[in-house]
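J.: Sequence:
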Amino acid sequence: MWRQYFILFIVSITFLLIIARIILLQAFDTDCFLFNKSDCKVNLSHVADKRQIDHRIIKKYRGMIYDRNGEILAMSLPKKTLCINVYRVKQLLKIKDVKYSKLLKMIGLSEKDFSKILKKHSNKKEYYLKRKLDDSLASKIMDLDLPYIYFIPEFSRVYLGGSYFSNIIGFTDIDDNGQAGIEYSKNKELSPTPGIKKVRKDNLGRSVELIELIKKPISGKNIYLSLDKRIQFIGYDILQKHVESSNADSASLVLIKNTTGEIISMVNYPSFNPNNRQEMTGHKIRNKVATYTFEPGSTMKPFAVYTALETKAVDYNYTINTSLGFELNNKPLEDYKDLGILDLTGIIQKSSNIGAATLSKKTNREDIYNTLRDLDFGGSLYIDWPGEQNGNLHHYNHWSEDDHASISYGYGISATLLHLANAYVTLANYGKKIQLTYEKVSKNEIYYDEVLSKNISKDIIEMMRSVVEIGGTGRKAKLEKYSVAGKTGTSRMIDSGKYNINKHNAIFVGIVPASKPEYVAAIIVRNPRKGNASGGRHAAPIFKEFMSHSLNLLRVYPDIK
21 MWRQYFILFI
31 VSITFLLIIA
41 RIILLQAFDT
51 DCFLFNKSDC
61 KVNLSHVADK
71 RQIDHRIIKK
81 YRGMIYDRNG
91 EILAMSLPKK
101 TLCINVYRVK
111 QLLKIKDVKY
121 SKLLKMIGLS
131 EKDFSKILKK
141 HSNKKEYYLK
151 RKLDDSLASK
161 IMDLDLPYIY
171 FIPEFSRVYL
181 GGSYFSNIIG
191 FTDIDDNGQA
201 GIEYSKNKEL
211 SPTPGIKKVR
221 KDNLGRSVEL
231 IELIKKPISG
241 KNIYLSLDKR
251 IQFIGYDILQ
261 KHVESSNADS
271 ASLVLIKNTT
281 GEIISMVNYP
291 SFNPNNRQEM
301 TGHKIRNKVA
311 TYTFEPGSTM
321 KPFAVYTALE
331 TKAVDYNYTI
341 NTSLGFELNN
351 KPLEDYKDLG
361 ILDLTGIIQK
371 SSNIGAATLS
381 KKTNREDIYN
391 TLRDLDFGGS
401 LYIDWPGEQN
411 GNLHHYNHWS
421 EDDHASISYG
431 YGISATLLHL
441 ANAYVTLANY
451 GKKIQLTYEK
461 VSKNEIYYDE
471 VLSKNISKDI
481 IEMMRSVVEI
491 GGTGRKAKLE
501 KYSVAGKTGT
511 SRMIDSGKYN
521 INKHNAIFVG
531 IVPASKPEYV
541 AAIIVRNPRK
551 GNASGGRHAA
561 PIFKEFMSHS
571 LNLLRVYPDI
581 K
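Residues in the sequence shown are numbered from 21 upward in steps of one, following our numbering.
Simulated from the structure, these hints should not be mistaken for lab results. Incorrect hints may appear among the rest.
No farther apart than 20 Å at their CA atoms in a straight line, the calculated lysine to aspartate or glutamate pairs in the EDC-like style are these [to be verified]:
{"#": "1", "residue 1": "Lys550", "residue 2": "Asp269"}
{"#": "2", "residue 1": "Lys518", "residue 2": "Asp269"}
{"#": "3", "residue 1": "Lys80", "residue 2": "Asp117"}
Could you put the whole structure together from the sequences, leaning on the hints where they help?
T.: Next comes the structure, spelled out in C-alpha cells:
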C-alpha cells in the first residue's frame with residue numbers, strides 16, 4: 021500500500037514541478053527554478069526574439085532611363101540572391117552529414133571554395149553565395165530544400181539601348197551604384213532609398229512573418245533624356261560603316277537641337293556591350309564626345325573671320341592674295357594648293373590656312389581670345405558629365421607670334437567635339453548662347469545669353485553655305501532637300517607630345533537648315549588610314565548620310581524644292 025502512496029507522491033510532485041515550470045515560463049518569462057539558478061535565463065521572450073526576430077533591408081527599383089520619346093533605355097529587373105547562414109551550416113555539419121554538392125555544382129562553386137567560405141566567415145548569419153540568379157535556376161535550388169539556404173530579393177540592371185548607348189548611359193556595379201556615364205552623374209536621383217522591416221525567422225533563417233514595417237522604401241527617380249533612340253541607332257550604324265571602310269581608330273558624332281540646347285544624339289564607335297561585364301574596361305567605355313580633346317583644325321576659321329569683322333580689323337570687302345604665302349615658325353605656311361586671291365567667303369569655302377593666318381594677325385589677339393572664351397573654349401560646359409574635359413585655351417599674354425596666327429586654323433587650342441558643337445550652336449542661334457543638356461527640357465527652362473553679334477553671325481552662316489557647294493571643301497556634305505552651312509577641318513594627332521605627320525583627325529560641323537537653323541551636327545573620324553585624311557573626305561560624307569536619314573524623322577521641313 022505504501023508503494024502506491026509513494027508512486028502517487030512522486031507523480032504529484034512531478035506534476036507540480038511541471039505546472040510550476042509552465043507558470044514560470046509563461047507568466048514570469050523565466051526558466052529559473054530550484055536547481056538551475058546559476059545558469060538560468062530571465063526575459064525568455066527577449067532571448068527568443070533575439071534568435072527569431074531580425075531586421076531585413078527592403079530594396080526597391082533603381083530609376084528607369086528613358087529617351088525623349090519614352091523608350092526605355094535602362095531598367096532594373098527583379099532577381100534572387102542565394103544566401104547561406106554560415107554559422108548554422110557549420111553547426112549542422114558537425115552533427116549531420118548534409119550534402120551541398122548538388123547546389124555547388126548548380127552555382128559553379130567548388131567544394132574547396134565552399135569550405136574556405138565556411139572557414140573564413142564562420143560567424144556570419146547571412147552570406148551572399150551567388151548574386152542575382154535567374155528565376156529558373158533559383159527554382160531548381162529551392163527544390164533541393166537544403167537547410168539554412170534561402171533567397172533575398174535584389175535587382176539587376178538591364179540596358180535595352182545596347183552598344184548604341186553604352187558609353188552614354190554607362191553602367192552600375194553589382195550593388196546598383198552608378199560607375200560611368202549617366203548612371204554615375206545621375207546616381208543620386210536614380211538610386212532608391214532602401215526600407216527596413218522587422219521579421220520573424222524560422223530555424224532555417226527564412227522570413228516567415230512580417231512584424232513591422234520600420235522604414236518605407238522609395239524607388240529611384242526616372243530620368244528622361246533628350247536623346248532620341250532612333251537617331252542614336254542611325255548614327256551608330258553609320259559610324260561603324262565608315263570607321264571600318266576607312267580603317268580608322270574610332271569616330272564620334274553629336275547632334276544638338278540649337279533652339280533648345282538638347283543633345284539629340286551622342287554616338288561613339290567602337291563601343292561595348294553593357295550587359296557583359298567582361299567588356300566594361302578600356303577606352304571603349306569613354307564618351308569621347310565629351311572626354312577626348314583634339315586640335316579642331318580649320319573648323320576654327322569661321323570664328324577667326326567673325327572676330328575680324330566684329331572688331332573691324334577688316335571689312336566685308338577684304339581680299340588676300342594667298343599666292344604670296346605666309347611665314348610661320350620661320351618656315352613658309354602652305355595651303356593644300358595655290359588658292360590665289362580670296363575674299364572672306366573664299367577663306368572659309370576653300371579653307372585657306374594662309375588666308376586665316378593673315379586675317380588673324382590683323383586682329384587683336386585679346387579680341388580673338390575673348391571671342392573664343394565667350395564660346396566656352398577652354399572652359400566647362402556645365403553639362404554634369406563624368407570625366408568631361410575642358411580643352412585648352414591659353415591666355416593671349418602667353419601666345420607667341422606663331423600662336424597668334426595658328427589659332428585661326430585650329431592649332432594651339434584644344435577642344436572636345438561637344439565644345440566645338442557648342443560654339444556652332446551659338447552661331448546657329450545668331451549669337452545667342454544656350455545651355456547644352458542631355459535631359460529633356462521644357463520651353464520655360466530655356467535661357468539665352470547673347471555673346472555674338474546677330475547680324476555678323478548670320479553673315480558667317482551665309483559664308484559657310486559655300487563650303488558644301490562646288491569648289492568647297494565640304495561638298496560631300498551637301499543635302500538634296502536642305503540647305504547646309506558647314507565647315508571641314510583636318511588636324512594632326514599628337515603622339516608622345518609631338519605631331520605625328522601620318523595620323524590625323526578628320527572633322528566636319530554642319531548647321532541645318534542654313535536658312536533657319538534647327539540642328540547642329542559635329543563629326544570626327546580619328547586616324548582614317550585610307551586615302552587622304554581630310555574632313556571633306558571622311559567626315560563630310562558621314563554628315564550627309566546621317567542627316568539625310570535623321571531630318572525626316574525629326575520632322576524638319578525641307579527648305580530646298
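J.: So, for every hint listed, does it hold in this structure?
T.: Outcome of the hint check:
1. Of the pairs offered as hints, the one joining Lys550 and Asp269 holds, with about 12 Å between alpha carbons and a cut-off of 20 Å not exceeded.
2. As the CA atoms of Lys518 and Asp269 are separated by approximately 19 Å, the hinted pair is consistent with the 20 Å bound.
3. A hinted pair counts as satisfied when its Cα atoms are at most 20 Å apart, and Lys80 with Asp117 does not qualify at roughly 38 Å.
Checked against the numbered hints above, the structure breaks only hint 3 and satisfies the rest.
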